[in-house]
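Undergrad: Chains as they are written, first to last, in this note's numbering: chain C, 142 to 306; chain F, 6 to 431.
If you're looking for bench data, these hints aren't it; they were derived computationally from the structure.
A few of these clues could be false.
To be verified - Restricting the straight-line Cα-Cα distance to at most 16 angstroms, the calculated cross-link-like pairs of lysine to aspartate or glutamate (EDC-like) are: (1) K188(F) with E272(F); (2) K152(C) with E190(C); (3) K159(F) with E281(C); (4) K389(F) with E181(C); (5) K301(C) with D56(F); (6) K159(F) with E286(C); (7) K396(F) with D377(F); (8) K149(C) with D263(C); (9) K152(C) with E181(C); (10) K152(C) with E261(C).
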Amino acid sequence: MLKIMRGKVWKFGDNVDTDVITPGIYMDAPMEEMKKHVLEAMNPRFPREVQPGDVIIAGKNFGCGSSRETAPNAIQALGVAAVVAASFGRIFFRNAIAIGLPIITCPQAAEHFQEGEEAELDIPQALVKNLTRDSTHSGEVLAGEVLDILSAGGILAWLKSRRAA
Amino acid sequence: MGMTMAEKILSRASGQYEVAPGQFVTAKIDLAMAHEAIASVFVSLASIGWDKVWDPSRIVVLLDHYVPACTERYADIHKVVRYAVKQWGIKHYYGERAGICHQVLPEKGHVLPGMLIVGTDSHTTTYGAFGAAGTGIGFSEMAYVFATGQLWFKVPETIRFSLTGAFPDNVFSKDLILFLAGKFSSEVAQYKSVEFIGPLAEEMSLSSRMTMSNMAVEIGAKFGFFVPDQKVSRFLEGRAKESFALIAPDAHARYEKTYEIDVSSLEPQVAFPFSVDNVRPITEARDIQIHQAFIGSCTNGRLEDLHVAAKILRGKQVHPDVRLLVTPASWEVYRQAMQDGTLETLIDAGAIIENSSCGPCFGAHLGLLGSDENCIASINRNFKGRMGSPKAQVFLASPATVAASALEGKIADPRGCATKGEWEKC
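Go ahead and model the full structure; you've got the sequences and the hints to work with.
TA: This is how it looks when you write it as structure tokens:
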């Protein structure tokens with residue numbers, strides 16, 4: 142089941158591309174090394190200081206660009222609980238679900254959060270709460286099957302669980 | 006209620022009478038394409054104890070990103086690919102003897118109108134030029150497709166670009182798609198299906214259509230359709246792997262928006278670093294010094310593109326401070342260009358002819374950039390570090406603009422060069 146999650150917010154702007162999330166130069170590096178460089182070109186503090194359970198809140202078109210799955214993988218490897226954005230690059234959106242990284246498309250979230258504020262996310266209901274300011278913002282609810290994939294921890298885990306069932 | 010191309014194909018593939026934008030469906034995949042990524046798919050499925058694929062005849066595999074293997078690591082990855090292909094009994098395997106996936110699949114008759122096709126490559130949208138719903142997915146999702154033959158989709162909204170007018174000399178569909186990215190941004194079609202329609206769309210060659218469908222993903226699109234016509238039928242004669250019927254959107258289909266575009270006064274366009282929608286007309290790009298020029302890739306490496314370049318380069322010499330790389334998009338293109346003398350013209354002008362592969366386009370091998378170098382390229386992306394050094398700059402343009410620039414040693418306007426129709430006389 143997807144629990145309600147709470148975490149500190151890291152803010153990013155519009156059009157964050159997958160080359161910035163996981164730079165090509167580290168593409169052949171092991172994940173332990175690659176994750177140290179996630180989004181460093183946008184905010185060098187991010188990969189060093191992000192804590193497990195923190196959430197990313199971003200503007201439009203997060204994860205645009207190439208189909209590299211390392212982008213959501215590396216964000217997940219840093220322990221980020223979920224990504225909220227006004228919109229996502231289509232393939233990033235799919236890849237995040239496929240690897241079990243919860244995401245919410247919420248057009249208003251970015252303008253109602255400052256970095257460091259506390260967010261509470263309800264993935265099945267697509268609700269984004271700012272606990273610091275006590276405001277709630279609705280995002281786009283995902284379909285049942287997509288939520289099942291996220292609950293299972295990704296599409297391969299989902300495949301495995303259904304085969305076992 | 007009528008349906009768009011995307012709605013028709015997704016409703017058929019999901020076994021529903023009708024679907025509407027926003028709806029989630031589970032669809033049966035008609036064809037799955039994997040390049041080197043199949044190695045990762047194989048390892049993923051093995052890790053959950055899965056040892057077979059849903060239908061070995063509906064999967065096409067080839068090697069195109071790192072051929073011949075550019076490092077020991079990729080030589081080992083290629084070994085896994087060959088092993089996986091044998092273990093799974095993949096019926097259509099072309100290895101490194103065919104070319105770039107998005108050129109090869111249509112040539113070999115795998116891409117047919119109305120199909121739902123997924124590939125481990127974002128430019129799988131190219132198949133929209135044949136009326137197929139082609140789209141890119143990640144490795145984990147491809148593993149799921151290999152196992153089950155199915156995948157979830159959100160039915161997209163559809164936008165249309167209605168294209169009219171005639172291209173001025175040495176202005177091409179590449180200039181048009183760059184212009185659209187510049188005018189409407191790289192996310193105008195985010196999550197959406199695009200249909201290119203109108204008299205100009207009908208007039209365009211299949212090669213020119215493929216360039217636009219290919220780059221539809223650069224404006225965010227999930228699919229980039231042209232309505233398939235007799236040009237598609239003729240191309241597929243003797244190639245198609247199975248029978249097919251042409252498909253068209255319904256007359257009363259609902260569109261989110263239609264943009265009207267007249268190309269009569271379109272100038273050659275150049276996308277400046279570091280995004281595809283950072284586009285300016287050639288008149289604002291002239292005189293930027295270049296060190297490398299590249300004609301090739303799944304975007305613009307077809308015979309039509311090589312002919313355009315050869316017309317401009319014939320009897321001239323590439324600037325001494327520039328290296329010009331040419332990569333025919335497939336072995337078929339390579340062979341045709343060899344037989345009709347195009348390659349000789351290009352070599353005489355000083356071009357380096359490379360084997361058909363993705364190589365330089367995404368900075369893997371066969372011609373990378375050093376720091377502070379500029380490259381003008383007929384490819385699809387100019388992100389930071391795309392072709393080597395993050396301190397290098399990549400400018401995107403048509404093969405004509407790339408060829409003209411290679412002669413000048415700086416970004417140059419191709420409109421003064423040899424014009425359409427002269428190739429036959431050469």
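Undergrad: Does the alpha-carbon distance linking K152(C) and E181(C) stay inside the 16 angstroms limit?
TA: holds, 13 angstroms
Undergrad: For the pair supplied as a hint, K152(C) and E190(C), is the alpha-carbon distance within the 16 angstroms limit?
TA: Holds. K152(C) to E190(C) sits at ~13 angstroms (cutoff 16 angstroms).
Undergrad: Taking 16 angstroms as the top limit, are the C-alpha atoms of K149(C) and D263(C) close enough?
TA: It holds: about 15 angstroms lies between the C-alpha atoms, which stays within 16 angstroms.
Undergrad: Within a Cα-Cα threshold of 16 angstroms, do K188(F) and E272(F) meet the stated pairing?
TA: With a Cα-Cα distance of about 13 angstroms, the restraint between K188(F) and E272(F) holds, given a limit of 16 angstroms.
Undergrad: Against the 16 angstroms threshold, does the CA-CA distance of K159(F) and E286(C) hold or violate the hint?
TA: Holds, because 11 angstroms separates the two Cα atoms, which is no more than 16 angstroms.
Undergrad: Taken at face value, is the distance from the CA of E281(C) to the CA of K159(F) at most 16 angstroms?
TA: Given that 16 angstroms is the threshold and the Cα spacing comes to 12 angstroms, the pair holds.
Undergrad: Does K396(F) pair with D377(F) here, judged by a C-alpha cut-off of 16 angstroms?
TA: holds, 5 angstroms
Undergrad: For a C-alpha distance cap of 16 angstroms, please report whether K152(C) and E261(C) respect it.
TA: holds, 15 angstroms
Undergrad: With a cut-off of 16 angstroms on the C-alpha distance, tell me whether K301(C) and D56(F) pass.
TA: holds, 13 angstroms
Undergrad: Given the hint that K389(F) pairs with E181(C), does the C-alpha gap stay at or below 16 angstroms?
TA: OK: K389(F) and E181(C) at ~14 angstroms, within 16 angstroms.
Checked against the numbered hints given earlier, this structure breaks none of them.
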